[in-house]
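**Q** Sequence:
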Amino acid sequence: MHARWRLIFLAVALGAAAAAMAAALLRRATHPPPAFRVEPVRIAAGGYRLAGDLYRPRVPLRRSTAIVLLHGSNPRGASLALYPALSERLAARGHIVLNLNQRGYNGSEGPTRVQRLADLDFVGDAREVVRRLPDVLGGAPGEIVLAGHSFGGGVAAVAGLASPEVRRVISISPGRRIAELFNDTRPDRLSYVQRRRTEDLRLAEPIPIELVRPMLASYDVEQLRGRLLEKPILFVEGAREPADDLAFTRELVASLTGNVSHTVIPGADHYFGAGVVETPGGDDWRVIRPEILEALADALDRWLRGKNP
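Taking the numbering used here, the leading residue of the sequence shown gets 14, the next gets one more, and so forth.
Simulated from the structure, these hints should not be mistaken for lab results. Backbone N, C-alpha and C fix where the C-beta goes; we use that ideal spot for every residue, glycine too. Just so you know, not all the hints are guaranteed correct.
[As the list claims (entries may be wrong)] Simulated pairs of lysine to aspartate or glutamate, DMTMM-like, Cα-Cα distance not exceeding 25 Å: (1) K244 <-> E52; (2) K244 <-> D297; (3) K320 <-> E264; (4) K244 <-> E264; (5) K320 <-> E304; (6) K320 <-> D148; (7) K244 <-> D314; (8) K244 <-> D311; (9) K320 <-> E243; (10) K244 <-> E304; (11) K244 <-> D132; (12) K244 <-> E223; (13) K320 <-> E307.
[To be verified] Have a look at the derived ranges for each label pair, beta carbon to beta carbon: (14) R253 <-> G152: 14 to 22 Å; (15) A252 <-> V289: 42 to 50 Å; (16) V289 <-> R62: 29 to 37 Å; (17) G239 <-> P293: 23 to 31 Å; (18) A57 <-> E218: 36 to 44 Å; (19) P221 <-> R299: 19 to 27 Å; (20) A153 <-> G239: 30 to 38 Å; (21) P293 <-> A217: 31 to 39 Å; (22) R299 <-> R144: 20 to 28 Å.
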C-alpha cells in the first residue's frame, strides 16, 4: 500500500516538474532574452572622461566588428532616441556598438568655458577613442568602424579617414553645404550655432563667435572633395532631407576616388524614424517610424557584411 502511494506521489511530482518546465520554455519562447547586453563605460580622450553605452551581442559575428557611434548636435547627446535604438538593432545583428557621448554632452566631461579651438576638438577625441577602444573591449576586435550622424557624421568622416585604427567609415547625414550656409554674410546662422552649441555643452559663457566657423570647418565633409580614399566609406541620407543637401552629397561622392558608397533611405528625414511626440510629461523623442530605422540598420548591416547597402 505504501509503495502504491509513493508511486502516486512520484507521478504527481514528475507531472508538476514537467508542467513547470513547459511553462519556462513557453516564457522563453514568448519573451526571449535580449540578443545583446548593455554596459556603461568610460573612456579617456582629450583630457576628459567620455561616457557611453557599450552594446555587446550575445552571438557576435565570427570576425567581430566594433562600431563607435557619434551622435549629432542635441542636448541629450547619445541618449536621443535614434542612437540607442540604432545601437540595439546593430547589436542584434551581431555588431559591437559603443554609443558615445562626445565631449561636454550628456554624461561626458568637457570644457566649462571655451577659449580656443582646441576646446572643441571633437575630431581629436574620436581619434583617441578608437585608439583606446581595444582596452575598453578587453582585446582588439576584428575591425573598428567609426560611424556618426549629423554633426557626428562629419566628425566620423574626418577622424575615421585619418585614423589608422579605423578600417571603415560610415557618415549618416553629415553637415552639408557648411561653407555656403555658415559664413560672414549670414551672421544670424553663426549666432544660432553659437547659442545652440553653448546650450548643448552647458557652458558657463557663450562660445566666442569667431570660433564657430573654424569649429564647423574642422568636421566639414567638404574637405574630402576630390580625394583618393584609402579606406571604404559609406554615406547615408534620408530621401526626405532637403534636395540641395542630397545634391551636395551626390556631387561630393562623384568627386571621390576609391571605395565609396552612397545610399538613400526611402521615406526617411534627417532623424530616420525618430521624432518628437507628446507625452503626459511633455514633449519627448521617441522612435515613431520603426520601419525606417530598421531600413537604416539593414543598410548598414549589409554594407558591413560586404554587400550593397
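**Q** Each hint: holds or not?
**A** Status of each hint after checking the structure:
1. K244 <-> E52: Violated, because 30 Å separates the two Cα atoms, which is more than 25 Å.
2. K244 <-> D297: Given pair K244, D297 is violated - Cα atoms ~38 Å apart, limit 25 Å.
3. K320 <-> E264: The hint holds at about 23 Å.
4. K244 <-> E264: Holds, at about 19 Å.
5. K320 <-> E304: holds (20 Å)
6. K320 <-> D148: violated (30 Å)
7. K244 <-> D314: With Cα atoms ~18 Å apart, K244 and D314 stay inside 25 Å; holds.
8. K244 <-> D311: holds (21 Å)
9. K320 <-> E243: holds (19 Å)
10. K244 <-> E304: Distance of about 30 Å is beyond 25 Å: violated.
11. K244 <-> D132: violated (29 Å)
12. K244 <-> E223: Not satisfied, since the Cα-Cα distance of roughly 34 Å exceeds 25 Å.
13. K320 <-> E307: Holds, because 17 Å separates the two Cα atoms, which is no more than 25 Å.
14. R253 <-> G152: 14 to 22 Å: violated (41 Å)
15. A252 <-> V289: 42 to 50 Å: violated (20 Å)
16. V289 <-> R62: 29 to 37 Å: For V289 and R62 the Cβ distance comes to about 30 Å; the hint holds.
17. G239 <-> P293: 23 to 31 Å: violated (52 Å)
18. A57 <-> E218: 36 to 44 Å: Since the Cβ atoms of A57 and E218 sit about 25 Å apart, the hinted range of 36 to 44 Å is violated.
19. P221 <-> R299: 19 to 27 Å: violated (36 Å)
20. A153 <-> G239: 30 to 38 Å: The hinted range 30 to 38 Å holds for A153 and G239, with Cβ atoms some 33 Å apart.
21. P293 <-> A217: 31 to 39 Å: holds (33 Å)
22. R299 <-> R144: 20 to 28 Å: Once the Cβ atoms are compared, 35 Å apart, the range 20 to 28 Å for R144 and R299 is violated.
Of the hints listed earlier, those the structure fails to meet are numbers 1, 2, 6, 10, 11, 12, 14, 15, 17, 18, 19, 22, in rising order.
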